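Build the complex: two chains, separate frames, hints provided.
Here is what each chain is made of, one letter per residue.
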Amino acid sequence: MALEFLQHLVNGLSLGSIYALIALGYTMVFGVLKLINFAHGDVYMIGAFVGYFSARFFRFDDHSSLTGLFVTLGCAMSGSAALAFLIERFAYRPLRKAPRVNLLITAVGVSLFLQFTGQLVFGSDPKFFPQVYVPTGDWSYGELKINVLQVVVFGISILLMGLLQFIVFKTRLGRAMRAVSFNHDLASLMGIPTQKIISITFMIGSALAGAAGVLVGLIYPKIDPLMGVMPGLKCFVAAVLGGIGNITGAVVGALILGMAEELLVGYWAPTYRDALAFAILILILLFRPTGLFGVNRTEKV
Amino acid sequence: MRTYTSRFTSSLIILALMGTLFSTSGCKKARPPSESSESATLSGGAGTPGSQDVIRIGEVGSMTGSEATFGISTHMGISLAIKQINAAGGVKGKKLEVLTLDDQGKPEEAATAVTKLITQNQVAAILGEVASSRSIAMAPIAQGHKVPMITPSSTNPRVTEQGDYIFRVCFIDPFQGTVMAKFAAESLKVKKVAILKDVKNDYSVGLAKYFTETFIKLGGEILVEQSFSSGDIDFKSQLTSIRAKKPEAIFIPGYYTEVGLIARQARELGLTVPLMGGDGWDSPKLKEIGGVALNNSYYSNHYSAEDKSPEVQGFITEFQKAFHVIPDGMAAMGYDAAKVLADSMNRAKSLNAQDVRDAIAATKNYQGVTGKITLDEKRNAIKSAVVLKVENGEARYQQTINP
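Chains as they are written, first to last, in the numbering used here: chain Y, 1 to 301; chain V, 1 to 403.
Everything labelled a hint here was simulated from the structure, so no lab data went into it. Nothing here was measured: the structure is a model prediction, and the numbers come from that model. Check before you lean on any hint, since a few could be wrong.
Stated by the list, open to error - Okay, derived cross-link-like pairs now, DMTMM-like style, lysine to aspartate or glutamate, Cα gap no bigger than 25 Å in a straight line: (1) V/K287 / V/E391; (2) V/K189 / V/E391; (3) V/K287 / Y/D61; (4) V/K200 / Y/D274; (5) V/K245 / Y/E143.
Chain V extracted, bound-state conformation (with noise of 0.2 Å):
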């Protein structure tokens, strides 16, 4: 009976195993991003294919997934600004239409995603994604069939690195890190802080080494460098063993679904320090999930909804009008990105890619409702970021750091 027991157990074993490489290649099947091609609806009016009076646009978002709420912000700025631009006349005469692909939050879905808004769909530029890992993996494809790509709110420097189609209008991370770092030192005053990334995430991993390379440099010590991986849901070991170590602060550059469980359970091991983070905090979920476990906690960002200059006040009401919500800092860098590409594409000498390209790239001082766009010759925008405190769930504007 032992053997029989021990030689089935064996072969259930590798059926076991068979049975993980089924599930996680299903996973990638789950929904192919032509399915959720009806989503281009979305954005208003699916529009006929190949007429000559709309300029198409493909955007890729994560709709879904853990971090949802970076595409489907995203996407309500982007279809703000397309309104608005075809409202009044559109880019040289003619009216813009967005098509938008779900990624899931997966960098192969994104790349499939773009290839297909490419080849298929022949769009003209592509605007997205939020996620550094995401870009990265789509930068490649817009760059070899040269289409312009601009991310609204990739970070990480590498994205903009894959070729000369492709442009961000949102800050990099040596520069967001050296805003935390600061901050760390000059205004909360820490000198011992522990950092606590996520190793599966170029954005977390970038951001993690510009943030220590800056602390170090301005006179302060990184006790412990934990990791985790986006997905995990338990972060008690990570955060006894940074607990020991006594940090003055953690600095935490994840996405929210994770640095919302990470707050609590930081709480709940008595580590009442401030948390620090990055733009990925940027949610209404993050309050959700983390609570009032998130109070005293700083997180370096694109804009603040209140910030009382009128290009920011003006674009608030108008969403809100459309969409009921507070736009949050990706709503706002979506819109921004859509603005910049409408107003290179009405200043190129015409409409393919190559001029649009050039003229994208001679983007200058462009007043967005996150500042003054610059694009500089690595194609990355030179700009302020802010740092807002969470209090009670609201993210309350701190101060503003300049390059």
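Just chain Y, with the same shape it has in the complex (with noise of 0.2 Å):
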């Protein structure tokens, strides 16, 4: 019993861990432009297929291997940090003295643009994703499996937010994204060049949706052109649950959300899995619209 509840967290953890790549992409973009960037979800989408087709360009399905996983990786976060400076380039700065809600349905729209692109270009029936790196063996300990891969990917997650944590707080740019994050005008007027830390902003949290997209494809390797709605929508849960423009928040709430889902399906109603993030969100908005790490203002990006 203890080492089934066991296993639902370790489910959840890995579940959770890809969520959290996309929800920090959901909350620096907020940090930066107070907007909610409904395309992320997409631009996860776009992130899977990069490295589907990259995978298949360099044949890493053939042999599996560690250099192609990281390879794969590597194509998939730049091919969505290029697909990002180009949305925030040509959909977003236009608007930027336009009133937000403009910029929401804006996002919207480069939503259903990106699905509908991706349905017309790799067409809408499901492809199966190269399995670039296929780890033999797992850890148990009696009933409880956990399978490499999993902690592979876990690390991963891991290391990039570990990265992205690097970047924020000790670094120069990292400083410069959270005086833009603080006031766009007080920033220019010290010299930094705000137009430029937004787009970078934007490239390095799609960078992220990206990997995640890749390492989705290796633990269910299933992916089509409308899978990033669900997530999309999750993952921005997650984002409020944690309390947006927070990024230790973000991490955790997408943590709470996948756990909590895995327990749900395993102890309760499976059929309610897409539900309880919007239940989540209603009851989070009702008691605590800043989210769990919602109040410390300086910490945000």
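This is how it looks when you write it as structure tokens:
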């Protein structure tokens, strides 16, 4: 019984760590632009597809290796970052001075654009993600089975989150990002190239989503052009749960959501899996609209 | 600042929910069937509208979407049948022409497509769909316009209950459920089984129910019944709960995309027991997604490509000549459905809908690829089923179970 519970937690952690990577993008973009980037889930989808095509191009599925995994990750992250640059430059930047609602509606538009372009270009049937890295064996303790792939995916997520934490809090770029998130005008008066920083923030957030796309492809090897819709919305909830704009909050929120989902499905009602995220959203808005970590303004990006 | 953030967040939430609405309604309008009507040329020659010497038949299938191979395989089977029928002189001296519409695997698109085929293209009969949920959406429309509809491989009983113009050339799920329950109890000799079904799918829910009924009658026990929704990718929590009950086998009446993922995750969790399923597993994509995780799995199907009978081997040779792949069960069912329709039209007194309907209903001992087809008074075919075993991606013939 206890081991079954632990197994659910392990599954939840591995799902939650992927949610976390996506949620971080929401929170970072919100930090600098006060914009919920609804196209974020679809950037994650594009990341998965860039990974899919690059892995097939380099023929990594023939002989699996860690190198293959990292090259695929690299391609997917740069692909999503490039896409994010284009989205920010051509869809959001022209609206910088417009009311924020315009920006939000544009984000929904970009999201639909990516979904249907995806269906047109890739086809709407699911693709099988190449198994670029297939570790053998698993760690088990009685009933408790921990798959090496799950551990690798979890490790990579943690590594990327650590890297992000380092960039935001220990580098000049990070300081600039924090300054921009605090106040655009003041930041530019201090000599910070605001536009450039916003663009870079977008790209970093999207690169993380692209990485999530590849990691999902590894554990759940089925990708399709609408795969970003649900995770996109759920990770937005995770970001709100943690306190949108807050990096630690996004990670914690995503891990909570992942584990809550696994426990709900495992013990109670599997069909309410997608409803859970929205139930959490309603509760958090009713009782703590700023989220779990949404008080400390100075830590926001 | 705090109140500002919270008020702002709340207004964003409203927009977020609106966004969801937008995107779902947007999905439905993704590709209206009218656009995909150009796929009619797939089956050779769109034909001139209103010409007197062709009989138009409408086909609705999932050419794209998560069950794309169902539609594509069925379409290949139908195309081959139509080509052979036309080469042999057609029906009552007229050539057959198939108009194919893609429903993207969505019931609402299937309903739109069948309406368009009947009202705009004025087809004489409808072939399709594979998935029961979509056939159930189409049947009332065909019935309402009194256009005969034959579904090649929808096995849920409710499909033909929609009216007397709706037929099928495959067996139904009460039988298919019995087949796997018998196989589990008698051949695999298991007593304790867990079920993992797709609650969004009429076929899956029905099959799970019929399996349970027979299996309990045979002295077995259903330890736990878990569910998922089509489109899910993570099944580990359901499987973890199933594992805790220590079943001797798991029955998964789903479609191949989900089944492949479930098999993988089951093996990752250390569940090595046999997995069982129905004809929804039948797809070349199954092994691509599931891989070696599917070893030690069994499913019921309409036919086996390893069958040595001349009908089956002849069909496979012709099929490979045309498409360079080995036909799966859906292709064989599509082929049989088109052949039964043509045969009935030949027997019918005239080509008006009532006569064609009566002729289809009178189908008796028609020798198809998937066995002898006789339609009963409920317009269902009474046929035997085969059980296949998955071994390193190949579906090997295991045994035949008769009704």
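> Against which earlier hints does the structure fall short, listed by number upward?
Replying inline: none
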